[in-house]
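Fit chain W to the given chain C structure using the hints.
Same order as they appear, the protein sequences are chains C and W.
FYI, the numbering for the first sequence is 1 to 113, going by the working numbering.
FYI, the numbering for the second sequence is 1001 to 1111, going by the working numbering.
What the hints contain is simulated information worked out from the structure, not anything from laboratory work.
What you were told as hints is all true, and nothing was included just to trick you.
Capping the alpha-carbon separation at 20 Å, the derived lysine to any residue pairs in SDA-like fashion look like this:
1. W:1036 - C:39
2. C:11 - W:1041
3. W:1057 - C:101
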Amino acid sequence: DTGVSQNPRHKITKRGQNVTFRCDPISEHNRLYWYRQTLGQGPEFLTYFQNEAQLEKSRLLSDRFSAERPKGSFSTLEIQRTEQGDSAMYLCASSFAGQETQYFGPGTRLLVL
Amino acid sequence: GQQVMQIPQYQHVQEGEDFTTYCNSSTTLSNIQWYKQRPGGHPVFLIQLVKSGEVKKQKRLTFQFGEAKKNSSLHITATQTTDVGTYFCAGSYSSASKIIFGSGTRLSIRP
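If we strip away everything but chain W, and leave its shape as in the complex, we get:
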């Protein structure tokens, strides 16, 4: 069935180091979204990618959508303690369908 895989499951970095999480689907996605969930909170929408090869930036966050629209990544440059949380990708296989969440990457940071 349709499944979105996400790695790594956990990442523990020193403050100031970079962080990347990767998302992969076995079949072509219509679009992919990224969400952040703080500990004890709910998922909060970050961004949506729709076009093949699309790259979007939000301050220190860079989001990429693969050329084949089967994979995506989120890269955070120079992490800060406020970046702590779990980052989820969520893929959609058609514009009218549900989104399927990856299992998330939990980011923790050593001050």
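Chain C on its own, in the form it takes in the complex:
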């Protein structure tokens, strides 16, 4: 399968714990995006990378959230000191720079107890 993959698919954690999610984009794609989606809402932009450079971060992304794409391939999204309000689906998408079409992964569903 050459689509976008995300791991884990589900994560249950206790409030205050740190969690890390991984996204593997389509291999030829140089752009990678992170979104958060809650029930009944559209995906909400968090941040995106072009190659290894993080080009934009949403103001919604508090300093508890950090994302990396060290070698311009896979990316990780870490949430420190999780809160119940962080419970959501975290989606990753990838694309070619200059082509707006984004291909989404299956997402990681986070539940913070």
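Then chain W, alone, in the frame of chain C:
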């Protein structure tokens, strides 16, 4: 700030009826995309519109981009049960910027 509004939030139709969802931005968009998300699934790209007044068709789906590039619509003719899901528009304000999703229209169908 930049925001993309989408209506209606829900639509429940009889199989065979038509369905339309509308998307609106207060400022001019560079382009607009449409995605479909099945229940329990992830958004899947349907189409991108770039030109003012553009109309594109995919079988029973017709997509339009307004002349002012501030609004768009998706119309499905003669809905089928396979059309069930949430349809999102997503607008971009420049070719290099992120896309902003609308809140989606959830389509359900009575067989």
